[in-house]
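Letter by letter, the chains look like this.
2 protein chains.
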Amino acid sequence: MTRRLPRLSAARAPLTREVEVIDEHGERGLISIPAERDLTVYVDRRELVTLMTLGAQPELLVLGYLLNQRLIESAADVESITVDWEVNAAAVKTHAGIDRIEERTARKVVTTGCGQGSVFGELMAGIERLALPDTRMRQPQLYALVNAIRLQESTYKSAGSVHGCALFTLGEGDHDARMQCFVEDVGRHNAIDTIAGWIAMQPPGRLEGGRVFYTTGRLTSEMVIKSAQMGVAIVVSRSGMTQMGYEVATKVGLCAIGRATNKRFVCYAGSDRLILQPGLAGARWPDRPDSP
Amino acid sequence: MTRRLPRLSAARAPLTREVEVIDEHGERGLISIPAERDLTVYVDRRELVTLMTLGAQPELLVLGYLLNQRLIESAADVESITVDWEVNAAAVKTHAGIDRIEERTARKVVTTGCGQGSVFGELMAGIERLALPDTRMRQPQLYALVNAIRLQESTYKSAGSVHGCALFTLGEGDHDARMQCFVEDVGRHNAIDTIAGWIAMQPPGRLEGGRVFYTTGRLTSEMVIKSAQMGVAIVVSRSGMTQMGYEVATKVGLCAIGRATNKRFVCYAGSDRLILQPGLAGARWPDRPDSP
Numbered sequence: 002m003t004r005r006l007p008r009l010s011a012a013r014a015p016l017t018r019e020v021e022v023i024d025e026h027g028e029r030g031l032i033s034i035p036a037e038r039d040l041t042v043y044v045d046r047r048e049l050v051t052l053m054t055l056g057a058q059p060e061l062l063v064l065g066y067l068l069n070q071r072l073i074e075s076a077a078d079v080e081s082i083t084v085d086w087e088v089n090a091a092a093v094k095t096h097a098g099i100d101r102i103e104e105r106t107a108r109k110v111v112t113t114g115c116g117q118g119s120v121f122g123e124l125m126a127g128i129e130r131l132a133l134p135d136t137r138m139r140q141p142q143l144y145a146l147v148n149a150i151r152l153q154e155s156t157y158k159s160a161g162s163v164h165g166c167a168l169f170t171l172g173e174g175d176h177d178a179r180m181q182c183f184v185e186d187v188g189r190h191n192a193i194d195t196i197a198g199w200i201a202m203q204p205p206g207r208l209e210g211g212r213v214f215y216t217t218g219r220l221t222s223e224m225v226i227k228s229a230q231m232g233v234a235i236v237v238s239r240s241g242m243t244q245m246g247y248e249v250a251t252k253v254g255l256c257a258i259g260r261a262t263n264k265r266f267v268c269y270a271g272s273d274r275l276i277l278q279p280g281l282a283g284a285r286w287p288d289r290p291d292s293p
Numbered sequence: 002m003t004r005r006l007p008r009l010s011a012a013r014a015p016l017t018r019e020v021e022v023i024d025e026h027g028e029r030g031l032i033s034i035p036a037e038r039d040l041t042v043y044v045d046r047r048e049l050v051t052l053m054t055l056g057a058q059p060e061l062l063v064l065g066y067l068l069n070q071r072l073i074e075s076a077a078d079v080e081s082i083t084v085d086w087e088v089n090a091a092a093v094k095t096h097a098g099i100d101r102i103e104e105r106t107a108r109k110v111v112t113t114g115c116g117q118g119s120v121f122g123e124l125m126a127g128i129e130r131l132a133l134p135d136t137r138m139r140q141p142q143l144y145a146l147v148n149a150i151r152l153q154e155s156t157y158k159s160a161g162s163v164h165g166c167a168l169f170t171l172g173e174g175d176h177d178a179r180m181q182c183f184v185e186d187v188g189r190h191n192a193i194d195t196i197a198g199w200i201a202m203q204p205p206g207r208l209e210g211g212r213v214f215y216t217t218g219r220l221t222s223e224m225v226i227k228s229a230q231m232g233v234a235i236v237v238s239r240s241g242m243t244q245m246g247y248e249v250a251t252k253v254g255l256c257a258i259g260r261a262t263n264k265r266f267v268c269y270a271g272s273d274r275l276i277l278q279p280g281l282a283g284a285r286w287p288d289r290p291d292s293p
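Chains as they are written, first to last, in this note's numbering: chain A, 2 to 293; chain B, 2 to 293.
It is worth saying that the hints were derived from the structure and are not from the lab. Keep in mind that the hints are not guaranteed to be accurate.
Since the list gives no way to pick one copy over another, a pair counts as held whenever it fits inside one copy or between any two copies.
[Unchecked claim] Computed list of lysine to any residue pairs in SDA-like fashion (alpha-carbon distance at most 20 Å, straight line):
hint	residue 1	residue 2
1	Lys264	Gly232
2	Lys264	His26
3	Lys94	Ser10
4	Lys252	Asp45
5	Lys252	Arg18
6	Lys264	Glu48
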């Protein structure tokens, strides 16, 4: 039996709010701040978790959260997700309930700092068993990706003080890197979960080509683990990488590219997935220091 | 009976490690990355949580974590904390065990995105009952604080790509803001927990004067909640603030100052705690826009 995709509400709330502030001259004024909100998720009427989110696509966030936490196997397990910002709640109805939900949600792992050690160990063991797709990216595609982000950020007024993540697919052409989805949220794990929800709602065949994540902020273990779980083999960031992120990336064969600005970047791991083109980044001056 | 402070190991491990990378010219080189590590905490031989940390002061981090999670009431509840980086483990011995530890650790709240809704509600209700000390800061003290951070960051080579938090105390003099403790970690909640552990280990009377936190990164709800729980009434950041952080700050009467660089800043909430001095920030040009 083929089940349909879930019915989603389209709950929207302003992404920013204005507050009155005082500056260094003692003058009052208005500033826009990101409208971080609490969203309590109920699954089949049972309270599960409270997520802190900007609320741009709350239904996709909830769906992606359930997927990335492995509480459901696919979007088709869900009948509906209804978000109501009046009560800061998301009601999820599943077709067949979630097995052993008590036990599984008692042992949450969030690699930014809370979780159970044995579950962490299981998580790391599970990571090693993942098989990533054979995605390769050409250097000009990376530049097209970085440029697309630059345009996105300068074109669309950001809510400010938030993290952004984007999903790209790579095509045949040298410069072919298409932004499929761009999400801002107060936390990158929420932004990535929202992208997971978005991917799950796409019709079959909609997303062609190798997948690449872009993220603001550091390439931490959390970021790398989520990418690997979602089957995305290349991650790009403007910032640096941590050791744990490096170790996970190396274990699973994920390509991690950091400090990506303009034509410069550093590939920390998985460089076999990056097809370099000598000379593309411009001439190297003979007197420049060797270290990247 | 007066109990002694806990016995702490002094486990140290390098804060950075070098990895080989490839740059945009295809050249190999070495880069230092922050040595993010997993640390599994065992309390009375029972596994509790795995923390991801840079590992600068792991014993203080563990102590502060237990305090900030309200699993212990004071440092004196703990007999010893022994960290062994060989096995990435911290063994905590308490004097009298932790009451209802199963129940209390099943319901963890981490406001960056995981937790239980009802516990979140309880957390927020608990916040409102907190009474903050009557701390006030003068504008030149704020500038002294911001300058001290600037000096710290330029003097001590950071592990890079990490967050920093500092505890200051305010004295009698106009410019009297003393940095007591500066901690870098991969997450700000870990850095703040480490500071909580440090505070708990100080002899009585060691810390005089009003307390102020400085943090890199945004003033989120998590940051504001932790400060309020730790009895620190003023928080300063170089970055902006989110709505949830703003709402919590307003509820508890905490002073939140963001965008603090050089002489500029924005006070989002609790401005009654900030004693401004007109003219200190320099002249205002008549043709400058009014908004801060």
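Query raised in the report: How do lysine 252 and arginine 18 come out at 20 Å by Cα distance, when the copy is not named: within, between, both, or neither?
Result: For lysine 252 and arginine 18, only the inter-copy Cα distance (17 Å) is at most 20 Å; the intra-copy one is 43 Å.
Query raised in the report: Which holds for lysine 264 with glutamate 48 at a C-alpha limit of 20 Å: within a copy, between copies, both or neither?
Result: neither (47 Å within a copy, 46 Å between copies)
Query raised in the report: Is it within, between, both or neither when you check lysine 94 against serine 10 at 20 Å Cα-Cα?
Result: within (12 Å within a copy, 50 Å between copies)
Requested in this report: Pop the pair lysine 264 and glycine 232 into one bin, within, between, both or neither, using alpha-carbon distances up to 20 Å.
Outcome: Answer is neither: 27 Å inside a copy and 47 Å across each miss the 20 Å cutoff.
Requested in this report: Tell me, please, which holds for lysine 264 and histidine 26 at an alpha-carbon limit of 20 Å: within, between, both or neither?
Outcome: between (41 Å within a copy, 10 Å between copies)
Report task. Evaluate lysine 252 and aspartate 45 at a C-alpha cut-off of 20 Å and name the case that applies: within, between, both or neither. Result -> Neither: 37 Å inside a chain and 33 Å across chains, both beyond 20 Å.
Hint violations for this structure: numbers 1, 4 and 6, all remaining hints satisfied.
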